[in-house]
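Colleague: Model the placement of chain R on the given structure of chain G, informed by the hints.
2 protein chains.
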Amino acid sequence: MAAALELVSSNKVFGGDLRKYKFKSAALGGLSANFNLFLPSQSATAKVPILFYLAGLTCTEDNGDVILLAQKGSFFEPAAANGIAILFPDTSPRGAGVAGEDDDWDFGTGAGFYLNATTPNYASHYQMLTHVTLELPQVIEAAGLPVDLSRQSIFGHSMGGHGALTLYLASQTNQYRSASAFAPICNPINCPWGQKAFKGYLQGGVEEAQDKYDATELIKKHKGPVNILIDYGTGDNFYKQGQLLPENFVAAAQGKDVTVRAQEDYDHSYYFISTFAADHVNFHAKFLRQ
Amino acid sequence: MAAALELVSSNKVFGGDLRKYKFKSAALGGLSANFNLFLPSQSATAKVPILFYLAGLTCTEDNGDVILLAQKGSFFEPAAANGIAILFPDTSPRGAGVAGEDDDWDFGTGAGFYLNATTPNYASHYQMLTHVTLELPQVIEAAGLPVDLSRQSIFGHSMGGHGALTLYLASQTNQYRSASAFAPICNPINCPWGQKAFKGYLQGGVEEAQDKYDATELIKKHKGPVNILIDYGTGDNFYKQGQLLPENFVAAAQGKDVTVRAQEDYDHSYYFISTFAADHVNFHAKFLRQ
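First to last, the protein sequences are chains G and R.
Going by numbering that gives the first Met the number 0, the residue at position 264 of the first sequence is 263; the numbering climbs one at a time, nothing skipped.
Going by numbering that gives the first Met the number 0, the residue at position 160 of the second sequence is 159; the numbering climbs one at a time, nothing skipped.
No lab work stands behind these hints: they were computed from the structure.
What you are looking at is a predicted structure, and each value in this text was computed from that prediction instead of being measured.
There's no promise every hint is true.
Straight-line alpha carbon distances no greater than 20 Å define the calculated PhoX-like cross-link-like pairs of lysine-lysine that follow [stated by the list, open to error]: (1) K23(G) x K11(G); (2) K255(R) x K220(R); (3) K11(G) x K239(R); (4) K222(G) x K239(G); (5) K198(G) x K211(G); (6) K239(G) x K11(R).
Quick list of simulated restraints, FRET-style, between CB atoms [said to hold, decoys possible]: (7) N281(G) x D102(R): 33 to 39 Å; (8) K198(R) x K285(G): 55 to 61 Å; (9) K285(G) x K46(R): 36 to 42 Å; (10) Q171(R) x R260(G): 46 to 52 Å; (11) V7(R) x S31(G): 36 to 42 Å.
Ideal placement from N, C-alpha and C gives every residue a C-beta, glycine not left out.
Extracted from the complex, chain G is given alone in its bound form:
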């Protein structure tokens, strides 16, 4: 049975409601997990489709809130206009108590990488793939929220862009109708952030990640049509440092219906995200409203 949801707060925005919920998460080892859910006004009379937004790397829960706060703002107006719910999960378990999980900003707390960990230290709590793809849909369904789970799409930023692309491409059930990403980590097996995460979370390390958690490897082998939009900024320092590697994804996706746009001079910040937020929500709306 899915855990019961507790409403933490609710704010009216663009005619809809932004609600913060918490619940006891089985996927995350029984820890309390938070998420935010925007429900547009259309949900008062009919079930609405749902878009999952996965956030990027953050060092602490507070920082995470700040970044999330800012990012969410730009999504509500187009989501309200299109009648789409948006669900914002957290980026990792909070308070798992694993030795070292709070030492680095790019690993552990705030940096779950949207995978299911297999190393002994992390396996009992760091099951973010299960949390996002299975548990969250179950708890909102069980709570009777007015969401139509037959219409899901997913997007995200940076580490969350990696999450959106890999959960979309690796889904055995075509769970999501479309995926998009702002400045995603496109080829994590070949960048420092990804290699560090995979070595820490996966018993098989980078090799174990190759078939499951790398968007560039996944798109190479993907059969059938895809609906993918990616934006990144040419002024993004993480892009310049080789953490994102969008060119590798483009090369691997040849012949597939993938749009990857280099946006001149934009950086990695939420200013970049907010500029193209409506484009992304409207992209998903094409598939979610069918």
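Modeller: Quick look at chain R alone, frame taken from chain G:
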């Protein structure tokens, strides 16, 4: 001579630039002052009109940044579309060293109330009226920034809504073409926040404030046309507690061209502001683009 500006950071957003500057502020007793300036892409080829945004009460500089961060997001898209610059001043001096200035969240640091203090403790640093109306225009003019100072308007939230309305109505030079406010403190001489501020900042206390710093009193005596838009939420706890008193302003403004809208169930948060952000920027654009 106006102080030189130092560029702290710059981010591209909606085709324009958001720049953070600092300078040594004479108005604030020689302290370093920060402001943010959004310059739309149109400013690359011509001087653009400018809108001042005054933020609300904040307990610390960090909180101020968070709130500002969130609020700014929703303003850039309509400002970019209309070719309008937006300048975001701070809410008080920082580090004046007055005994007690950091004790309360609604007085002192982060709560300058956009007035010129006259009490001995505060007079040497808390000159926010001069800072916003005179000093900031001077420093951006002296820096050669592409802004047309013959076209200024002003808006703000909560304490900043009070600031926008009073600076607009009390201007001897019709400095601003229009004013608007989200959940403003409309009648501070009659509410706890305002009375506390005036007693602390002004030698003449609430009585000194009556003719200069109270929007309801100022609109009563105002001659000539006005361009004012106000939104507040009926779910706003500060409204319910009698801190905002928009009804007093409406009664005092009878016969004048003032639009005051009660927005059902919205609260005092940036979710409320973001929902009506485009309305406000577009309202000012009508006057600024003439």
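Colleague: Going through the numbered hints above, which ones does this structure break? Give me the numbers in ascending order.
Modeller: The structure breaks hints 1, 4, 7; every other hint is satisfied.
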